[in-house]
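Given only the sequences and the hints, what does the whole structure look like? Please build it.
Chains as they are written, first to last, in this note's numbering: chain F, 27 to 569; chain S, 10 to 283; chain B, -9 to 314.
Just so you know, the hints here were simulated from the structure itself, not pulled from any lab data.
All values reported here derive from a predicted model rather than from experimental measurement.
Note that beta-carbon positions come from the ideal geometry of N, C-alpha and C, so glycine has one too.
Mixed in with the good hints, there may be bad ones.
Okay, the calculated beta carbon distance ranges per label pair [as the list claims (entries may be wrong)]: (1) B:Asn153 x S:Thr169: 55 to 63 Å; (2) S:Ile257 x F:Phe293: 28 to 36 Å; (3) B:Leu124 x S:Pro196: 30 to 38 Å; (4) S:Ala60 x F:Glu426: 22 to 30 Å; (5) S:Ser143 x F:Gly391: 22 to 30 Å; (6) F:Glu515 x B:Lys62: 57 to 65 Å.
Calculated lysine to aspartate or glutamate pairs in the EDC-like style (CA-CA distance at most 20 Å, straight line) [what the hints assert, rightly or not]: (7) F:Lys157 x B:Glu44; (8) F:Lys474 x B:Glu38; (9) F:Lys564 x F:Asp253; (10) F:Lys104 x F:Asp465; (11) S:Lys17 x B:Asp122.
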Amino acid sequence: MYFYRHLCNICFIFSASFFFVHIATLAQNNQSNSFSYGDEIIIGSSAEASNLIPMLSSDSASHEVSGFIFNGLVKYDKDLTLIGDLAQSWEISEDGLVITFHLKKGIKWQDGTAFTADDVLFGYETIINEKTLSAYKEDYFQVKKAEVLDKYTFKVTYEKPFAPALASWGSLVVLPKHILEKEDINKTEFSRKPVGTGPFKFKEWVPGQKVILEANDNYFEGRPYLDGVVIRIIPDPTTMFLELKTQGLDWIGLSPLQYKKQTQSEFFKKNYRKFKYPSFSYTYLGFNLKHPWFSDKKIRQAIAHALDKEELVKGVLLGMGNISTGPYVPNTWPYNPNVRKYEYNPQKAKELLRDAGWQDIDKDGILEKNGKKFEFTILTNMGNTTRIKTATIIQYRLREVGIKVDIRSLEWSAFINWFIDKKRFEAVILGWSIGLDPDQYDIWHSTKIKEKELNFVSFKNQEVDELLEKGRRTFDIEKRKQAYYRIQEILAEELPYIFLYVPDNLPIVSARFEGIAPTPIGIGYNIEKWYVPKNLQKYRIQE
Amino acid sequence: MFWKRFKKNKLAVIGGILVFGLFAVAIFAPLLAPYDPDIINMEQVLQSPGAAHILGTDDLGRDVLSRMIYGTRISLSIGFIAIAIATIIGVILGSISGYYGRLIDSLIMRLVDIMLSVPTFFLLLTVLAIVGPSIWIVMFVIGLTGWMSIARLVRAEFLTLKEREFVQAARSIGASDARIIFRHILPNALTPVYVSFILGVAGAILMESGLSFLGFGVQPPTPSWGNILTAGREYMEVAWWLILFPGIAIFITCLSYYILGEGIRQALDPKLKI
Amino acid sequence: MLNYLSKKSLELLITFFGITLVSFFLINLAPGKPTDAVSDLNPRMTPEIRAIYEKQWGLDKPVHIRYFIWLKNFSKFDFGRSFSSDSRPAWDKIKERLPITILINSISMFFIFLIAVPIGIHSAVKPNSLSDKLTTVGVFVGFAMPVFWLALILQLILGVWLNILPVSGIRSLNYENLSWINKIFDSMRHLFLPIFITVFGSLVGISRYMRSTMQEALSQEYIVTARAKGLPESKVVYKHALRNAILPIITITGLSVPGLISGSVIFETIFAIPGVGQLLYQAAMARDIHVIMAEVVIVSILTLFGNLLADIGYALADPRIRVK
Chain F
27 MYFYRHLCNI CFIFSASFFF VHIATLAQNN QSNSFSYGDE IIIGSSAEAS NLIPMLSSDS
87 ASHEVSGFIF NGLVKYDKDL TLIGDLAQSW EISEDGLVIT FHLKKGIKWQ DGTAFTADDV
147 LFGYETIINE KTLSAYKEDY FQVKKAEVLD KYTFKVTYEK PFAPALASWG SLVVLPKHIL
207 EKEDINKTEF SRKPVGTGPF KFKEWVPGQK VILEANDNYF EGRPYLDGVV IRIIPDPTTM
267 FLELKTQGLD WIGLSPLQYK KQTQSEFFKK NYRKFKYPSF SYTYLGFNLK HPWFSDKKIR
327 QAIAHALDKE ELVKGVLLGM GNISTGPYVP NTWPYNPNVR KYEYNPQKAK ELLRDAGWQD
387 IDKDGILEKN GKKFEFTILT NMGNTTRIKT ATIIQYRLRE VGIKVDIRSL EWSAFINWFI
447 DKKRFEAVIL GWSIGLDPDQ YDIWHSTKIK EKELNFVSFK NQEVDELLEK GRRTFDIEKR
507 KQAYYRIQEI LAEELPYIFL YVPDNLPIVS ARFEGIAPTP IGIGYNIEKW YVPKNLQKYR
567 IQE
Chain S
10 MFWKRFKKNK LAVIGGILVF GLFAVAIFAP LLAPYDPDII NMEQVLQSPG AAHILGTDDL
70 GRDVLSRMIY GTRISLSIGF IAIAIATIIG VILGSISGYY GRLIDSLIMR LVDIMLSVPT
130 FFLLLTVLAI VGPSIWIVMF VIGLTGWMSI ARLVRAEFLT LKEREFVQAA RSIGASDARI
190 IFRHILPNAL TPVYVSFILG VAGAILMESG LSFLGFGVQP PTPSWGNILT AGREYMEVAW
250 WLILFPGIAI FITCLSYYIL GEGIRQALDP KLKI
Chain B
-9 MLNYLSKKSL ELLITFFGIT LVSFFLINLA PGKPTDAVSD LNPRMTPEIR AIYEKQWGLD
51 KPVHIRYFIW LKNFSKFDFG RSFSSDSRPA WDKIKERLPI TILINSISMF FIFLIAVPIG
111 IHSAVKPNSL SDKLTTVGVF VGFAMPVFWL ALILQLILGV WLNILPVSGI RSLNYENLSW
171 INKIFDSMRH LFLPIFITVF GSLVGISRYM RSTMQEALSQ EYIVTARAKG LPESKVVYKH
231 ALRNAILPII TITGLSVPGL ISGSVIFETI FAIPGVGQLL YQAAMARDIH VIMAEVVIVS
291 ILTLFGNLLA DIGYALADPR IRVK
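Encoded structure:
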């Protein structure tokens, strides 16, 4: 039941999750004697990985596992700039059309074969192949030409400058040519026993139960301290938490409730460490802008004044999150903190509604206009308790200004296919995961309003269209920043969505692990540097 | 005769009183509930049972007792209407099948077999998607997937009854098939149906809670026992009252129905097999 | 008899194809396609890429054609590949999950019979005695209790508060390193709750059924005769009556297969057991047609086989059919 909840959380730009693990570490200079090798970490996962070839899977569970095994040419640093991973360096031509990568030398695949530029070209050719079932092809269709200049130099040429292009040379397209050359990529066994270049190598996959990884002794950044990583599959979050309490798991993500109320005991203080940082996602109330009521900006702004976002954060997330004002996460470079904000003010909301012609004539508590009552339905997806809770609070608040709201929750596929795609909705509560690249062309551009496309609220704004275009055609961060700042101002004024909140990620990790260095973007990026002091080690790999 | 036998069965009488009481609670819910079941109060989230809130409050500060009282309406009507639908379909198909026999019988019995094996889940999804989710759909689907055993029971009764003299007599004076089925045979074939109806109501309440558990029952914020329980699961360890009370409500209701059904069965016909 | 059997088999075959047909069309009628899991609200999924997916999977063809393709492949025992991104053969995915589900269900079945049959006999032999009433109520308690609720509460009490049983899964992490006797002990500890829950919830059906067939058997003339002959009561009950009363119980086994599978969906989710119930649920949510159809085929074959067994049982017991 929880897996569709999971699905919708991963629906937008998966890069957030699979670059997660790969985000570079600050150099760890404080090497001391207490660093010791050994022990394993048991991670709880609500979903089972499906396919460990990164380009073939679109679920975050798979990318979390393959993230330990594979590297890309580039990776995101802590401040969300790109730095080299398998690539030592790269150059972008003046006109932004050509990128030349210089690869690090001496890197070996986990089976001992040398890694070269041919592997990158092979990955690229595989993903653009008609037969390969990959959801990520689009970025690579933009490539005009890809060439291997020598063993350690790889060059790509684009039709048009395309800023998100650089990040696309992450771990999606680096595959061992020597293993996969003669295989059918869609059917190969490799997808269940992969060979990569990363800190951990694949050991065993017990279907439905766990995936076991072990340290890669020859990892080019140095062998991880931990001997292994075990990802246990426990679909049910309640069960997962119970398992944590019996110390069967070392690392899981907590719910706000668990973070706040269920992990306060001495037991947890002694045995676990909790972390808290904003997730790369936000939840919003979106309006169908084709609907006669909601096409009026005044109405949308009135609704914004009727809602108390702080209350939502407090009620739904138990305070474990921040209010949201735009489609970016606070403290990242594209985020603009100075946009129009709508304070909770039911009086003002009523005035705005009255200006738009809505009044409660028959004194039943519901506003009317031309004999029609202000009554609409908020749709959301079934099983997602936080969204239903959000809807319930919104329902309650709007009732106070004279708007009657019904709530309907629908099974995910039905929701998308019958209501979103057909634009049969008045308002929805949904969430987006945000990619690490700020390009959001697909969500806001006025050409993306057709069936199955992402601008399903039918937002149209010429200036935004131009800014989106501008933002994705330059590699200059300052220019991009300007464009995205302005987009946020317009969105805050126009309110196609009411941005509600950004939930926090709330991981908890067994206290025996050291070397965890929390950053605004998380903790998992440097797992190869985590270690357990000898006297605290719990699991031993049997030789 | 029926009453006399029924009254002797103390358990069944208790069951009957409980079922009756639940209906009273459902009907007089607005009078009984101490609070509006939908009023949110962020200052009173997850309060344990006490003087102000006898059964505590939920994650949005709503009064659990009030929600359970209103939930009685939903849960009872689901049980009742769903099984009414199942019974109507079952009786009609069972009668036709048993009365006409031969090809029609064969076809209907194959349909029964098929319905018993098809994943009902998809029936649910399909109907849900076409009509949109509502309490009615949940009832309708539970009904649509629950008629098979009733059809079998009615058919079996018909098979024996249609050979009886009174049926032969009706036929010889030229009564129409419909008349024979509905006026002559059916009233005599209904005994097992009464009992399976009562037992079925309990089954349907349980089924709704099971569907809620999988996320397909009555959708929040409408309160049903099943979804109060399912929603409470998240808070199991900090707010035991959220799962304990709805679970007990479901349990007692179903138990009452079973005991009542069993009592009626014995009173009607101790040899009846259900 | 042979005639009767061949007629039955033909009926079962028709039913079987009916099941596959209805299921296939129902799945396709439900909103969404198998490719949705990958493509819905995924910005990288352009219409062109979506078209590639649908063509590769043959989803561009109309439903009835796809049904015939499925039938054709099925006749070669090929269930097709899963639509999820692992693309594994549907049968492989089921095969690796089948043993645990069968194991849990058959152990449960065993205990259900072991407990329910004596309860049923006892109630039939001494109807309306205090112990009959107590067992009846006890069994009804099992039936009226929402099983998942009981599962949660036991998980909380035994697993967390008392910490005497594992909360979920089927093996401990260090399972590989245990001696064989500890392995068995470990598995038993893990399977205890799921089996207990299943048994508890199913007792009522079988014991009620046992009670009524036993009552009927006891009212037959040959029992009266046997008693008149002066046979001891225990012999009358256990030898003569029971032999005839137990036969219909076989029917129940066959008919309860779909119920067991749908029960498996719930307890496999609660206890994180990697069985076919869990797989069915996941496949259903993802509209993974090939996996769903493979499960449908297995469930319906088991059910129909149970039906056939029951019919044969009846035929053997009932001279009217035997002679015809």
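Hint check:
1. Evaluation of the 55 to 63 Å hint for Asn153 of chain B and Thr169 of chain S yields a pass: the beta carbon distance comes to about 58 Å.
2. The hinted window of 28 to 36 Å between Ile257 of chain S and Phe293 of chain F holds, with their beta carbons roughly 30 Å apart.
3. The beta-carbon spacing between Leu124 of chain B and Pro196 of chain S, approximately 36 Å, falls within the hinted interval of 30 to 38 Å.
4. At roughly 28 Å, the beta carbons of Ala60 of chain S and Glu426 of chain F sit within the given window of 22 to 30 Å.
5. Under the hint 22 to 30 Å, the C-beta atoms of Ser143 of chain S and Gly391 of chain F, about 24 Å apart, fit the expected range.
6. Distance hint for Glu515 of chain F and Lys62 of chain B: a CB-CB separation of about 59 Å, consistent with the stated range 57 to 65 Å.
7. For the proposed pair Lys157 of chain F and Glu44 of chain B, the alpha carbon gap of about 11 Å is at most 20 Å, so the pair holds.
8. For the proposed pair Lys474 of chain F and Glu38 of chain B, the alpha carbon gap of about 14 Å is at most 20 Å, so the pair holds.
9. Between Lys564 of chain F and Asp253 of chain F, the direct Cα distance comes to roughly 11 Å. Compliance with the 20 Å bound is thereby established for this hinted pair.
10. In summary, the hint linking Lys104 of chain F to Asp465 of chain F is supported, as the alpha carbons are separated by about 19 Å, within the 20 Å threshold.
11. A distance of roughly 16 Å separates the Cα atoms of Lys17 of chain S and Asp122 of chain B; the hinted pair therefore holds under the 20 Å criterion.
The earlier numbered hints are all upheld by this structure, with none contradicted.
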